[in-house]
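Need the complex rebuilt from these two chains, each delivered in its own frame; the hints are there to steer you.
Protein chains in written order, with my numbering: chain A, 381 to 646; chain B, 39 to 292.
Every clue listed holds true.
Pairs of lysine-lysine residues, derived as DSSO-like cross-links and limited to a Cα-Cα distance of at most 30 Å, are as follows:
1) B:K143 / B:K89
2) B:K89 / B:K220
3) A:K382 / A:K636
4) B:K143 / A:K636
5) B:K151 / B:K220
6) B:K151 / A:K636
For the record, the hints were derived by calculation from the structure and aren't laboratory data.
Each chain, letter by letter, is given below.
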Amino acid sequence: MKPREYWTCARWFLPVFSGGLIVLAWYAVRILGDIEPYVLPTPGEIIRAAVEERSVLFSAALTTLKGAVLGFLTAALVGFGLALVLAYSRSFRFALYPHVLVVQMFPVIVLAPIFVLWVGPGLPSVARIAFLISFFPVVANATQGLISTDANMVDLFRMANASRLQEMLLLRVPFALPFYLTGLRIAASLAMIGAIAGEFFAGSSAGGTGGLGFMVIIYFAQLKTAALFATGFVACLCGFLFVSTVLGLNWLLLRKWHDSFERTDR
Amino acid sequence: MSIHPHVLIEGLSKRYGDGPSVLHGLDLEVSAGEFVSLIGPSGCGKSTILKLIAGLNPVTAGRLLVRGQAPEVARDRMAFIFQEPTLLPWLTVIRNIEILLRIRKVPRNRCLKIADGMLALVRLNHVRNHYPRQLSGGMKMRVSIARALSLLPELLLLDEPFGALDEMTRDHLNEELLDLRKDQNWTALFVTHSVREAVFLSNRIVVLAANPGRIHEVVEVPLTYPRTNETRDSNAYLRVVSEVSHVLRSVEGQ
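Looking at chain B on its own, in the form it has when it is part of the complex (with noise of 0.2 Å):
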C-alpha cells in the first residue's frame, strides 16, 4: 500500500444552492488498494460522496483530493459504474466497451484489443455483437464492469451497481468483482443498500448517517481474501453482517 491516502476527504461540505447541506464535515482517508464500502440510510449522500470524488460536481466546502490532486485532474485514473448500466443502446457489446477509449483517442487496433480481453474476462465473448437489449440485467452490469475496466483505472467507483439485480446474480457478480480485482487491483468506493454484500466485498464499511450527511462509523472487516461462496457461511462472516446491521438500524432510529 502507499504511504499516501489515494483518497484524502477532510471537512467536506455539500450543499445544492440555496438547500440543506446533503454532506457535512466528512472526514476519510482511503488507502490504495482499499475496498471501502458506504452504506447508509437513503438520502445520506453516499452517490453524492462518489459524484464528488469523480469531479462530477464541485465540493461546497472543505478538501477532497485524490492521488494528491483535484478530483477533476485525476479524472483519467478512475473509472465509474453507476446504478444502471448506462450502455448505449445503439452500440453493440464490444462497441460499448471500447467507446471511452475512443473519447480518449486510443488508437482503433489497441482499443479493439483492449474490449476484447475486458470481454473475455467477464465471459461475455459469446455476446459480442449483441446490443444491450438483447442481454440480461446481469450481463448488461458485466458489460458496463468491463467498460469501466477497459480504462485500467487506479480508482473504481461503483455506485450501486448491482441494487437492481437478483440476489443469485448479485452474489455472483460480488465473486466476479473481487476476481476481476486480484488481476488489476484498483482501489474501490462501494455504494450499496447491502449490509451482505458491503461484508462480503470490503475491507472497511463506511456508514453514513443522514440529515446532514455524515460518518457514523467505521467497522473494519476481518476477513481475508480470496472471499468465495463459503466466506458467506462463515461465523467471521455472519459476525461482521449482525454488528454493521445493527449500527446501520441505530442510524437509521436517528
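In isolation and in its complexed conformation, chain A is listed as follows (with noise of 0.2 Å):
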C-alpha cells in the first residue's frame, strides 16, 4: 500500500478501532466494577434508551436547535455590526470593548433567571442565552481581522484615494472574513452549549417540548441515566451538524483563493 492510500485508509479505520477500544473498556469498567445500571449505563443500554425516547428527544433536540441557531445568527449580525464599529475607530475600541468583555465574563447561571424576569421562560430565554454565549468570538475574530488589514493593502487603497466606505467594503471585510469565520465557527458550538445550558436553567415545556437541557432535568428527577447519555450524544449530533454547516460555508467562501485550501485544490 503506497502511503497516501495508507493514510487514507487510517483516517477512517482508526477513528472506528479507537471508537470500539472505548466500548470495550466501558462494558468492561461496568461488568468487572459491578457497577449499577443507573450509574453508569452500557453503551448497549444507551442506544435501547435513545431508540424508546427517540420521539422525544428529536423534538427536544429541533427545540434546542431553534435556540441556538437564532441566538447563533443573531451573534453573527450583531457580532459583525458591532465588528464593524470597533473597527472604524480607536475610540470606538476603547469606548466599547471593555464591555464587551464584561457581558462575555457575566455569568450565565445569573443571566439566565434575569431574562426569564424580563422575556419569560422558553425559547426568548434560550435564545438570548446562545447569542450571549456565542457572540463574543465573533465581535473579537472579526475585529481582529479588520484591524489587522495588511498594511500596504490599505496605503494601496490611499493612493488610490478610496473613502473609508470603500476601504471597509473592499479591502477589510474581505480581509476579515477568514477571521470571521473562524469566529464563526467556535460561536457555531458554543450556541449550542448556549442553548442547552439555557433550557437547563431557562428552559420550559410550555407549547410543546422542552429542549435537551430541560429533557436533562426531567431524566435526571426519574433516575434515567441511559437516556441522559442519549441526550447528551444527540446534543453532540446537533454540534457537529452546527459546526459543519458553518465548515461547509467557510469552504463555500474561502476554498478558491485562501491558503487555508491550498493542498485540496492541487
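Structure follows, in C-alpha cells:
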C-alpha cells in the first residue's frame, strides 16, 4: 500500500478502531466494577434508551437547535456589526471593548433568571443566552481581522483616494472574512452549549416539548441515566451538524482563494 | 522634458514622533520622464522618501511638491508599486487590475477594457481568471505592475518591487519595465538594493547615507535607451556599476 492510500484508510479506520476499544473498555469497567446501570449504563442500554425516547429526543433536539440557531444568527449579525464599529475607530474600541468583555464574563447562571424575568422562560430566554455566549468570538475575531488588514494594502487604497466606506467594503471586510468565519466556527459550538445551558436554567415545556437541556432535568429527576447519556449524544450530534454547516460555508467562501484550502485544490 | 521639475524636494526632513531624524536636509529634483533610482544602506530612508512623495506620510520639515502641488493633491496622477505584490487574494487577476479603477469610479466597461489592455501588456492573458495564490512570484509582480499602470500614472513610485525575486526573473522584469515605459513614459522613482538593477534602469542614481538619511552623491548613468540584455555586457554599464558600488561601499563604511 502506498503511503497516501495508507493514510486515506487510516483516516477512517483508526477512529473506528479506537472507538471500538473505548466501547470495550466501557463494558469492562461496568462488568468488572459491578456498577449499577443507573450509575453507568452500557452503550447498548444507551442505544436502547435513545430508541425508546426517540420522538421526545427528536423534538427536544429541534427545540434546542431552534434556540441555538436563533442565538447564533443574531450573534453572527450583531457581532459583525459591532466589529465594524470597533474597527472603525480606536476611540470606539477603547470605549466599547471593555464592556463586550464584561458581557462575556457575566455568568450564564446569573443571566438566565434575569432573562426569564424580562422575556419569560423558553425560547426567548434560551436564544438570548445562546446569543450572549456565542457572540464574543465573532466580535473578537472579526475585529481582529478588520484591524489587522495588511498595511501596504491600506496604503494602496489610500493612494487611489479610496473613501473610508470603500476601504471597509472592498478591502477590510474581505480581508477579515477568514477571521470572521473562524469566529463563527467557535460560535456555532458555543451556541449549542449556550442553548442547552439556557434550557437547563430557563427552559420550559410550555407550548410543546422542552429542549435537550430541559430533558436533562426531567431524566435526572427520573434517574433515567441511559436516557441522560442518550441526550448528551444527541446534543453532540446536533453540535456536529451545526459546526459542519459553518465549515461548509467556510469551504464555499474561501476554497478558491484562501491558502488554508491550497492542498485540497491541488 | 518639462521645465518644472516633476518632483521637487527642498530641505526635507522626517522624524517619527520624538524619535531621531529618519531624513535630514534632503534636496532633490526629478524631471518629467526621468528614471531615478534611490540606493543606500538599510535604514537610510529610501522607502520613507517614496511614502512622503506619495503623501502617505506627512513631512516634518521642508518642501515637497509633485507637479507643483502637495503630494496628497497630486495623488491621482501617481501609482505605487510595493515590495510585495499586495494583490488582493480574494480577487482574480483581472479584478485585481481593475480594483483601483473601480475605486476611482471609472465606468465598469472602461475598467474592463483598460485592465484587459494592461494584462496583454504584461503578457498574462492566460491567467486572467486565476487567483493570486495560483501565480508565481514573478507573475504576481507583473500583475502588480499592470494594476499600477492601469491608472495611467505620470509618476510611478516603485519600492524595491523585484527584491524578492531570483536574479533571472528580476533581469527579465527590468527589461519588461523599460519596455512598458516606452509606451507610457512615466517618471519613475525606484528604490532598490541592487546596484546592477539601478544602473540598468536609471538615468540617475541617488546614493543615500544613513543616520540620518541624506543624499551622499548623485551618479549620472550615461547609457542610452533602449537597454537590453546586451547592455549588461557593455563596458560602459560595467563601469557605472563599478562606480556606484564604490560610492555605496564608501557610504556603508561611514
